[in-house]
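Colleague: Now that you have both chains on their own, put them together as the hints suggest.
So the sequences go chain by chain: Y and H. Reminder that position 17 of the first sequence reads as 20 in this note's numbering, one-by-one numbering, no gaps. Reminder that position 38 of the second sequence reads as 283 in this note's numbering, one-by-one numbering, no gaps.
Just so you know, not all the hints are guaranteed correct.
Unchecked claim - Computed footprint of chain H on chain Y, listed as stretches where at least three residues anywhere in the stretch have a Cβ under 8 Å from a Cβ of chain H:
#	segment
1	96–107
2	115–123
What the hints assert, rightly or not - Here are the in silico distance ranges between beta carbons for each label pair:
#	chain 1	residue 1	chain 2	residue 2	range
3	H	Gln333	Y	Ala130	24 to 34 Å
4	Y	Glu21	H	Glu290	48 to 58 Å
5	Y	Glu55	H	Ala328	45 to 55 Å
Keep in mind the hints are simulated off the structure, nothing from the lab. Note that beta-carbon positions come from the ideal geometry of N, C-alpha and C, so glycine has one too.
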Amino acid sequence: MNTADQYLKAIYLVQETEDGPASTGAVADALDVSPASANEMIGKLEERGLAEHEKYKGVSLTDEGIVRAREALSNYCIIERFLANVLEVEEFRAEARSLEAVIDDTVAERLDTIIDRSSECPDCFDAETDACKYLAEVESENPAD
Amino acid sequence: MSVGQRVTSDHQLARLLQIGVVLEEVVEARSTQHHREMDVDVDAELGALLRHAAEESADHRDRLEDLIGELDADSVSYEEIEALVEAQYGNTKPEDFDGVLYDQLCNEETAYKFYDDLIEAIEGSDSTFSVDRDRVLDTLRGIRAEEEEGVEEVTAIMERR
Numbered sequence: 004m005n006t007a008d009q010y011l012k013a014i015y016l017v018q019e020t021e022d023g024p025a026s027t028g029a030v031a032d033a034l035d036v037s038p039a040s041a042n043e044m045i046g047k048l049e050e051r052g053l054a055e056h057e058k059y060k061g062v063s064l065t066d067e068g069i070v071r072a073r074e075a076l077s078n079y080c081i082i083e084r085f086l087a088n089v090l091e092v093e094e095f096r097a098e099a100r101s102l103e104a105v106i107d108d109t110v111a112e113r114l115d116t117i118i119d120r121s122s123e124c125p126d127c128f129d130a131e132t133d134a135c136k137y138l139a140e141v142e143s144e145n146p147a148d
Numbered sequence: 246m247s248v249g250q251r252v253t254s255d256h257q258l259a260r261l262l263q264i265g266v267v268l269e270e271v272v273e274a275r276s277t278q279h280h281r282e283m284d285v286d287v288d289a290e291l292g293a294l295l296r297h298a299a300e301e302s303a304d305h306r307d308r309l310e311d312l313i314g315e316l317d318a319d320s321v322s323y324e325e326i327e328a329l330v331e332a333q334y335g336n337t338k339p340e341d342f343d344g345v346l347y348d349q350l351c352n353e354e355t356a357y358k359f360y361d362d363l364i365e366a367i368e369g370s371d372s373t374f375s376v377d378r379d380r381v382l383d384t385l386r387g388i389r390a391e392e393e394e395g396v397e398e399v400t401a402i403m404e405r406r
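Bound-form chain H, shown alone (with noise of 0.2 Å):
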């Protein structure tokens, strides 16, 4: 087992690159979902932070995807995961637009977290990868302010609500 958050070897930076695929993935779907059960004509504003937040999730999963094949790696498919969501949505959906706001709050500060460590734990480590280290670094770096930025969003809608 092992005590501590460092990143050491190529092969976990690529697993948790992958991690970070499926999360946002997972993201994408959901919003997908939301955006199609709920009847988000009545709620202009809902509907546009699902299909936002959607976008960017595949925008994020794009730039990882770069970063997986450099390091010799294979991406998670996002067929995959949607289907996968699908088989539990119906256990885990949101019951009102209240649910689906507070659900993109936690897709939010859970992608900010995930990257926050997952830079925290490359920083803590010497190691070098076969992939550019400032690169990766920018990259998630890049998608953290975004996910802050969406934290900070959803956070502002729930207050005016």
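Isolated chain Y (complex conformation) (with noise of 0.2 Å):
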């Protein structure tokens, strides 16, 4: 997944807990970036009219960065359920995290083929547990010993 495709996953995020528009802090936060770092972007994702961005605000996303966040979002489920069903990581969401800008879309859609994803996916992620809402309710009746 490429860093703009991190970015839009982010904000879509951050936007969804906040219920409104995304503050560069918080989509910094989310990324363990600086805000300078994240304020850079947001303006390129701008200039692609992918996000929207308003003064002490914060940022949008337009309907086509939505589309494109939600792509990354399925995907980056994809790879959170294959490390979790397939590979058996207990770590999923951190290893998630560290793998996935390793893992190009086309790489996710062939692990695709072998795990068992939900038909509301991506809307099924549940951004305050980090993972999709199946996901951790199976770690929670089967929690690690």
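Modeller: Here it is, written out as structure tokens:
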């Protein structure tokens, strides 16, 4: 997943949580980057027509940005689900975050041919638990020893 | 969240190599399934392509598994991935010979892209690993070159038809 897609996904999730525009600081926190880096990338997303930034309010995705963000989120869900269900990685959230930059969309699509993903995806992604709600449910039923 | 492509630890490298193994196993299992499902006697060229793809993936898997072993990690069993491919195959199988060719092209392109990104991510990091970095890169570059040949091979067949 390229850097722009990681930003779009982060903005989308912050917007969902805050139920409004995402502050640059919240986006920077979500991505563990400096506010200056976040500002710079948000500017690039604006130039590409994927986001709109309003001073003192924050950044909102355009319709095209939302489509891209949802695709990126679906690919992220594939990575999490693949790690949790196929490789049985307990720390699938942390590992998905560390791997997503290296996993291209086409690779995620191939991995998708061996996992069982809900047709609701990515609406079943829960920003607070940083996982698909169905994955989180299984996890709480079978907590790690 | 990590922004940017870099491989910085043995653990991360082993995990990515495991993903490479799974991708190879998916190719091998799907090619075998296509071969089983399609009447490849009617299309000898396609039959040969599928056999070659399965053999090449098995060879790539062996080379990746050597590295994974040196990183003191476990590989992913072929039987496990084969069962997952079979479980989902009904929903994802191609309908005809053209579909099989297209699936093969996706397999080769995806593998090429994966190894290309992985090589770039290793090159972009100055971390040292417990396995010789040059050997990892040589192995991955060798596999990538074969995936590139695979893309060209499938594309040539598609263009002829």
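Colleague: Determine for every hint whether it applies to the structure shown.
Modeller: We went through each hint and held it up to the structure:
no., hint, in the structure
1, 96–107, "holds (count 9)"
2, 115–123, "holds (count 4)"
3, H:Gln333 with Y:Ala130: 24 to 34 Å, "holds (28 Å)"
4, Y:Glu21 with H:Glu290: 48 to 58 Å, "holds (57 Å)"
5, Y:Glu55 with H:Ala328: 45 to 55 Å, "holds (47 Å)"
Comparing the model with each numbered hint stated earlier shows that all of them hold.
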